[in-house]
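**Q** Construct the entire structure; sequences and hints are all you get.
Residue numbers (our numbering), protein chains in the order written: chain Z, 1 to 235; chain S, 236 to 346.
No lab work stands behind these hints: they were computed from the structure. Where hints are given, some of them may not hold.
If you want a taste of the chain S side facing chain Z, the calculated C-beta under 8 Å gives, among others [claimed, not checked]:
no.	residue
1	Leu-273
2	Thr-316
3	Arg-322
4	Thr-326
In silico BS3-like cross-links for lysine-lysine, where the CA-CA straight-line distance does not exceed 30 Å [what the hints assert, rightly or not]:
no.	chain 1	residue 1	chain 2	residue 2
5	S	Lys-339	Z	Lys-165
6	S	Lys-294	S	Lys-338
7	Z	Lys-23	S	Lys-321
Computed list of chain Z residues with no C-beta within reach of chain S, every gap over 10 Å [claimed, not checked]:
no.	residue
8	Gln-19
9	Pro-50
10	Glu-90
11	Thr-206
Here a beta-carbon is modelled for each residue, glycine too, at the ideal position from N, C-alpha and C.
This is what each chain is made of:
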Amino acid sequence: MPQKTVEFNLTISSSYDLQEAIKFAPILDISTIVIQDPHEHVLFDTFPEPLVIDGISIYRKTILRGETGRIQSLLRKVRYTNHVVLVEPEDAKQATWAILQPMIDGLFISRNATGKETGLNVSALLRKHEKAIEIDLSPILTEREDKLSRILRAYRRVTQQLNPKTHRIILSSGEEGPWLLRRGKALRGLSKTFGLSIEQTAYATTRYPREILEANTEKLSPNYQGGGIWVITGE
Amino acid sequence: MNKERQRYLAFRIITEEETITIPKESFVQSLWRVTRELWGVVGAAASGFYLMEYDEHFKTGLLRYAHNFRNELEAVLARLTSINGKRVLVTSLITCATINRAKKKLETQGE
Chain Z
1 MPQKTVEFNL
11 TISSSYDLQE
21 AIKFAPILDI
31 STIVIQDPHE
41 HVLFDTFPEP
51 LVIDGISIYR
61 KTILRGETGR
71 IQSLLRKVRY
81 TNHVVLVEPE
91 DAKQATWAIL
101 QPMIDGLFIS
111 RNATGKETGL
121 NVSALLRKHE
131 KAIEIDLSPI
141 LTEREDKLSR
151 ILRAYRRVTQ
161 QLNPKTHRII
171 LSSGEEGPWL
181 LRRGKALRGL
191 SKTFGLSIEQ
201 TAYATTRYPR
211 EILEANTEKL
221 SPNYQGGGIW
231 VITGE
Chain S
236 MNKERQRYLA
246 FRIITEEETI
256 TIPKESFVQS
266 LWRVTRELWG
276 VVGAAASGFY
286 LMEYDEHFKT
296 GLLRYAHNFR
306 NELEAVLARL
316 TSINGKRVLV
326 TSLITCATIN
336 RAKKKLETQG
346 E
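**A** What follows is the structure in structure tokens.
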């Protein structure tokens, strides 16, 4: 049976957005939504366990942008309140730095990409440290022809450096709100526009995001001490 | 060159307000525009798209396409974000090789 889709990036600008996303989720075969909620419209009283609303699991994430020093200063603060922390790199140097940080789960590639964010070095580090690279497909849904061509060109340059068999490529589409949520199959179809095949993105909306969420939920648990060590309490 | 086979896709359009209707002509125009934007004129020619059935009331329809254009079709439907200036979300209900199965799925949607 095919696995249900994980939407790895939904931006919430009001609590109504989450309601709409939960309404769309069963129609689009989505079982898990990871939200960016900068204004904290959603109360996560179950953290680090996900919030479950109408059978849909909700996780929280943050994408850090800007200068490396600023990201570094924010990192400790956001790591313990979010299931996923990604960095949108400005260049390959910042991408390299981000991959080497244990508190960062991976890179985020969006409409601002130029194609210079990844290179052979970044690609090798991503593989070695098993970090994810998330590609935001919302610009492919919304941008018109000339701008779209530029974005597709940048995405093509980024993904050309990656080997989908060894890199954890994740696809998402909800950066601009719940109306851009799409089925996993649709996201994989869209990735063909920048040269990834359907086979290459087999786990991009299911297994890879789910593995990250499960591992991070475990790590954020108060009983987790690190490196496979747990505090076991009880009778 | 492999012979082109036909496949069928039943779809549903979700709009912000339930009462909004999307005329057939507008949907077809948007479908071709997006197909050309994403896959070019050559891709559009190879797609084999043909809107076989469309229900303006339930906003469901049945689309025929070339079997090797399935993933591209998913991408096209995903990129249909607005029709006639109205925000929409087009989702596929089923893809199958026989028209009867697709029609059955559409009938269950209409109930």
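**Q** The structure should be examined with respect to each hint, and the outcome stated for every one.
**A** Do the hints match the structure? See the list:
no.: 1; hint: Leu-273; in the structure: holds, 6 Å
no.: 2; hint: Thr-316; in the structure: holds, 6 Å
no.: 3; hint: Arg-322; in the structure: holds, 6 Å
no.: 4; hint: Thr-326; in the structure: holds, 6 Å
no.: 5; hint: S:Lys-339 <-> Z:Lys-165; in the structure: violated, 38 Å
no.: 6; hint: S:Lys-294 <-> S:Lys-338; in the structure: holds, 14 Å
no.: 7; hint: Z:Lys-23 <-> S:Lys-321; in the structure: holds, 19 Å
no.: 8; hint: Gln-19; in the structure: holds, 13 Å
no.: 9; hint: Pro-50; in the structure: holds, 24 Å
no.: 10; hint: Glu-90; in the structure: holds, 28 Å
no.: 11; hint: Thr-206; in the structure: holds, 16 Å
Checked against the numbered hints given earlier, this structure breaks only hint 5.
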